[in-house]
Amino acid sequence: MSAIGALYSKLEMAQFGKANKLLGYLAAIFGIGLITLALAPFQTHINSTTVALCLLLVVLIVATAAGSRPALLASVLGVLSFNYFFLPPLYTLTIADPQNWIAFAAFFITAMIAGQLSSYARRRADEAQMQKKKIEALYEELKSAFAKASEAEALRQSEKLKTALLDAVTHDLRTPLTSIKVLATALLENESEHQNLELDLQSKKEFLETIVKETNRLNDFIEGLVELAQIEAGAFGLRLGWEEIPEIIEAALSRAERMLKGRRIKINLEENLPLVRVDSKALAEVIYTLLDNAAKYSPAEAPIEISVKQSQEGIVEIAVADHGPGVPKEFREKIFDKFFRIEKSESKAKGMGLGLAIAKGIIEAHGGKIWVAERAEGSGARFVFLIPIGDE
Amino acid sequence: MNEVKKILIVDDEAQITWALRRTLSAHHYEVRTAADGLSALETFNDFQPDLVITDLSMPEVSGLELCRRLRKFTQVPIIVLSVKGEEKTKVEALDAGADDYITKPFGMDELLARVRAGLRRSNQVKKQEETVLEIGDFHIDLATYQVFVRGEEVHLTPKEFELLVFMVRNYGRVLTHRTLLGAVWGGSYTEQTEYLRVFLRHLRKKIEPDPSKPVYILTEPWVGYRFNPFR
Chain A
1 MSAIGALYSK
11 LEMAQFGKAN
21 KLLGYLAAIF
31 GIGLITLALA
41 PFQTHINSTT
51 VALCLLLVVL
61 IVATAAGSRP
71 ALLASVLGVL
81 SFNYFFLPPL
91 YTLTIADPQN
101 WIAFAAFFIT
111 AMIAGQLSSY
121 ARRRADEAQM
131 QKKKIEALYE
141 ELKSAFAKAS
151 EAEALRQSEK
161 LKTALLDAVT
171 HDLRTPLTSI
181 KVLATALLEN
191 ESEHQNLELD
201 LQSKKEFLET
211 IVKETNRLND
221 FIEGLVELAQ
231 IEAGAFGLRL
241 GWEEIPEIIE
251 AALSRAERML
261 KGRRIKINLE
271 ENLPLVRVDS
281 KALAEVIYTL
291 LDNAAKYSPA
301 EAPIEISVKQ
311 SQEGIVEIAV
321 ADHGPGVPKE
331 FREKIFDKFF
341 RIEKSESKAK
351 GMGLGLAIAK
361 GIIEAHGGKI
371 WVAERAEGSG
381 ARFVFLIPIG
391 DE
Chain B
1 MNEVKKILIV
11 DDEAQITWAL
21 RRTLSAHHYE
31 VRTAADGLSA
41 LETFNDFQPD
51 LVITDLSMPE
61 VSGLELCRRL
71 RKFTQVPIIV
81 LSVKGEEKTK
91 VEALDAGADD
101 YITKPFGMDE
111 LLARVRAGLR
121 RSNQVKKQEE
131 TVLEIGDFHI
141 DLATYQVFVR
151 GEEVHLTPKE
161 FELLVFMVRN
171 YGRVLTHRTL
181 LGAVWGGSYT
191 EQTEYLRVFL
201 RHLRKKIEPD
211 PSKPVYILTE
221 PWVGYRFNPF
231 R
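Residue numbers (the working numbering), protein chains in the order written: chain A, 1 to 392; chain B, 1 to 231.
Keep in mind the hints are simulated off the structure, nothing from the lab.
One should not assume that every hint holds.
[Unchecked claim] Calculated cross-link-like contacts (lysine-lysine; reagent style DSS-like; alpha-carbon spacing at most 27 angstroms):
{"#": "1", "chain 1": "B", "residue 1": "K159", "chain 2": "B", "residue 2": "K213"}
{"#": "2", "chain 1": "A", "residue 1": "K160", "chain 2": "A", "residue 2": "K143"}
{"#": "3", "chain 1": "A", "residue 1": "K162", "chain 2": "A", "residue 2": "K148"}
{"#": "4", "chain 1": "B", "residue 1": "K84", "chain 2": "B", "residue 2": "K213"}
{"#": "5", "chain 1": "A", "residue 1": "K296", "chain 2": "A", "residue 2": "K281"}
{"#": "6", "chain 1": "A", "residue 1": "K160", "chain 2": "B", "residue 2": "K84"}
{"#": "7", "chain 1": "A", "residue 1": "K329", "chain 2": "A", "residue 2": "K266"}
{"#": "8", "chain 1": "A", "residue 1": "K204", "chain 2": "B", "residue 2": "K5"}
{"#": "9", "chain 1": "A", "residue 1": "K296", "chain 2": "A", "residue 2": "K309"}
{"#": "10", "chain 1": "A", "residue 1": "K162", "chain 2": "A", "residue 2": "K334"}
{"#": "11", "chain 1": "A", "residue 1": "K329", "chain 2": "A", "residue 2": "K160"}
{"#": "12", "chain 1": "A", "residue 1": "K148", "chain 2": "A", "residue 2": "K132"}
{"#": "13", "chain 1": "A", "residue 1": "K205", "chain 2": "B", "residue 2": "K6"}
{"#": "14", "chain 1": "A", "residue 1": "K213", "chain 2": "B", "residue 2": "K84"}
{"#": "15", "chain 1": "B", "residue 1": "K159", "chain 2": "A", "residue 2": "K162"}
{"#": "16", "chain 1": "B", "residue 1": "K88", "chain 2": "A", "residue 2": "K160"}
{"#": "17", "chain 1": "A", "residue 1": "K204", "chain 2": "B", "residue 2": "K6"}
{"#": "18", "chain 1": "B", "residue 1": "K84", "chain 2": "A", "residue 2": "K162"}
{"#": "19", "chain 1": "A", "residue 1": "K334", "chain 2": "A", "residue 2": "K160"}
{"#": "20", "chain 1": "A", "residue 1": "K21", "chain 2": "A", "residue 2": "K143"}
{"#": "21", "chain 1": "A", "residue 1": "K296", "chain 2": "A", "residue 2": "K369"}
{"#": "22", "chain 1": "A", "residue 1": "K134", "chain 2": "A", "residue 2": "K21"}
{"#": "23", "chain 1": "A", "residue 1": "K134", "chain 2": "A", "residue 2": "K148"}
{"#": "24", "chain 1": "B", "residue 1": "K159", "chain 2": "B", "residue 2": "K205"}
[Unchecked claim] Derived coverage of chain B by chain A (criterion: at least 3 residues anywhere in the stretch with Cβ under 8 angstroms from a Cβ of chain A; other residues may be distant):
{"#": "25", "stretch": "22-30"}
{"#": "26", "stretch": "144-154"}
{"#": "27", "stretch": "160-168"}
Positions of the beta carbon are idealized from the N, C-alpha and C atoms, including for glycine.
Build the full structure now, drawing on both the sequences and the hints.
Encoded structure:
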């Protein structure tokens, strides 16, 4: 591409040069002719210095505009015109007065030198221009090469990410499937004729209950995936309405009722909270996820705190805090990535690694922000999110 | 003979260890579980199981590493729980000494069949007598180099004989290409799977009732072979 480009620009330059040169010669002829025609009627009234300077001007202009050869032509024509039309005896190429010989020679030399010098200056300027163009082209080429390289890198990264996500998804699908299949085949064998297995009623019930539980887990996971995919595709249709925050919290609490059984929940609501324009169901889900996490990762006897206040004009801040081990500093951002789970968490309850990613998606769709607050190590986790009150 | 067999289950997914413990216990096995390779090694020492079932991807010491470490001091049968797409790790685990694998999600019947095969083999190994191998349809006299399949004598070349003896001794186990090549031809041939295929084709022609539908030398796609002495 670059080789062809260079060739092309050279060709263009050459053509442009040819046309330009022809124009230069024409300018030399016309320029000198024009000055001669303009000044010839007054040849007896103006002195030869004025004429020489005017002609010299033409030589200079031609030299700067068209280069040394047209300038040479202009000089020669200028000399001839000067001699023929303006130096006595007029209309001959002879010169009578020796003083005029000197003027004639001085004009000739000045015209030549001035022409060469100015065309040299012009050439240098052209070269500098070319150099600049070359550098610019090189720069563009480099820039596009860099862009391509980083594009490839990004693609590779996203491929890697995709594989990692797929691994996580298949693992999360296969684990419940495996326990379902193991338990179901055991139950089936128990029912078969030549059984060598005897399950008591209690075991059978437990097996069936676990199968149902695992099926629900699978279903939750799939629903979570779908929801996340919708949020990521920007297709998550928010049903906005003016809502009361306490009502939303109430909805989240009642959904989490089973999980929060026997736990103390402290709720701190600022007075005169404004209505907010939000999707109440989605927001309740965010609060539910945070409550779910708090219940999973903190001791049963410790309270969970919900607080709501208007942090600045037009923005409401909602926080859910627990007294568990907290989120280690290095995971405070990653925890919102999908499928991310802190590996060696001691808690037996394992999440899907989707809840917080969905919560983040929902909050961001509302134009808000969610994060884990800085807190001293060991004093529990505090999740905070901001929601703009919204306008009509 | 009817002593209770002990099985150690290693998996970091609590639901899976729970389900396996409950179902294997119902089949009158004594079961203990571990959530990672490191605690599995500890449990192994005071439990002394007859068989180990382990997942491959686990925190701390992985299933692969667990196989390696166990093989340093015990020949106890190891069944690996793998998933589709983990082929490479699965083969590595078999090379590292695992006996068999089963792909998640699996049924209890499948797992039990493998558990029984593993236990039977380890029994056999204990009372193996070195001059005659007699298993299923095979009768091999190691002293006279005579091989009888279904009662009929079969003539084998020395390498075919060695290959068959190795497979009979390890019947029921999944034998990777690398294991077979290393055992019969030595370490420097472990990449020559084409070589192995030729020998197995000849061997199948001599021992299989129908070489196009083998019943003794079974192919485990992408992994290796499994020898089954029974029809």
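Status of the hints after comparison with the structure:
Between K159(B) and K213(B) the CA atoms are separated by roughly 23 angstroms; this keeps the pair inside 27 angstroms, and the hint holds. Between the alpha carbons of K160(A) and K143(A) the distance comes to roughly 26 angstroms, so the proposed pair stays at or under 27 angstroms and holds. Simply put, K162(A) and K148(A) have alpha-carbon atoms about 21 angstroms apart, close enough for the 27 angstroms limit, and the pair holds. Taking the CA atoms of K84(B) and K213(B), the gap is about 25 angstroms. The hint holds against a cut of 27 angstroms.
A distance of roughly 22 angstroms separates the Cα atoms of K296(A) and K281(A); the hinted pair therefore holds under the 27 angstroms criterion. Among the hinted pairs, K160(A) with K84(B) is consistent with the structure: their alpha-carbon atoms are about 18 angstroms apart, no more than 27 angstroms. Pair hint K329(A) plus K266(A) holds up; C-alpha atoms about 26 angstroms apart against a cutoff of 27 angstroms. Proposed proximity of K204(A) and K5(B) is supported: the alpha carbons are some 23 angstroms apart, at most 27 angstroms.
Under the criterion of a C-alpha separation no larger than 27 angstroms, the hint pairing K296(A) with K309(A) is consistent with the structure, at around 25 angstroms. Annotation: proposed proximity of K162(A) to K334(A) holds, straight-line Cα distance about 17 angstroms (limit 27 angstroms). With a C-alpha separation of about 25 angstroms, the suggested pair K329(A) and K160(A) falls inside the 27 angstroms cut-off, and the hint holds. Between the alpha carbons of K148(A) and K132(A) the distance comes to roughly 24 angstroms, so the proposed pair stays at or under 27 angstroms and holds.
Between K205(A) and K6(B), the direct Cα distance comes to roughly 26 angstroms. Compliance with the 27 angstroms bound is thereby established for this hinted pair. This hinted pair checks out: K213(A) and K84(B) have alpha carbons roughly 24 angstroms apart, not beyond 27 angstroms. Under the criterion of a C-alpha separation no larger than 27 angstroms, the hint pairing K159(B) with K162(A) is inconsistent with the structure, at around 47 angstroms. At most 27 angstroms may separate the alpha-carbon atoms for a hinted pair to count; K88(B) and K160(A) meet this at roughly 18 angstroms.
For a cut-off of 27 angstroms, the pair hint linking K204(A) to K6(B) stands: about 23 angstroms separates their Cα positions. For the hint linking K84(B) to K162(A), the alpha-carbon distance of about 17 angstroms falls within 27 angstroms, and the restraint holds. Annotation: proposed proximity of K334(A) to K160(A) holds, straight-line Cα distance about 17 angstroms (limit 27 angstroms). For the suggested pair K21(A) and K143(A), the alpha carbons sit about 36 angstroms apart, so the restraint of at most 27 angstroms is broken.
A C-alpha spacing of about 23 angstroms is found between K296(A) and K369(A), which places the hinted pair at or below 27 angstroms, so the restraint holds. This hinted pair checks out: K134(A) and K21(A) have alpha carbons roughly 23 angstroms apart, not beyond 27 angstroms. Our distance criterion of 27 angstroms between C-alpha atoms is met by K134(A) and K148(A), whose separation comes to about 21 angstroms. This hinted pair checks out: K159(B) and K205(B) have alpha carbons roughly 15 angstroms apart, not beyond 27 angstroms.
For the stretch 22-30 of chain B, the assignment as covered by chain A holds, since 4 residues bring a beta-carbon within under 8 angstroms of that chain's beta-carbons and 3 suffice. Look at the stretch 144-154 of chain B against chain A: 0 of its residues bring a Cβ nearer than 8 angstroms to a Cβ of that chain, fewer than three, so the hint is violated. For a cut-off of 8 angstroms, the count of residues in the stretch 160-168 of chain B with a CB near a CB of chain A stands at 0, and the three-residue condition is violated.
Hint violations for this structure: numbers 15, 20, 26 and 27, all remaining hints satisfied.
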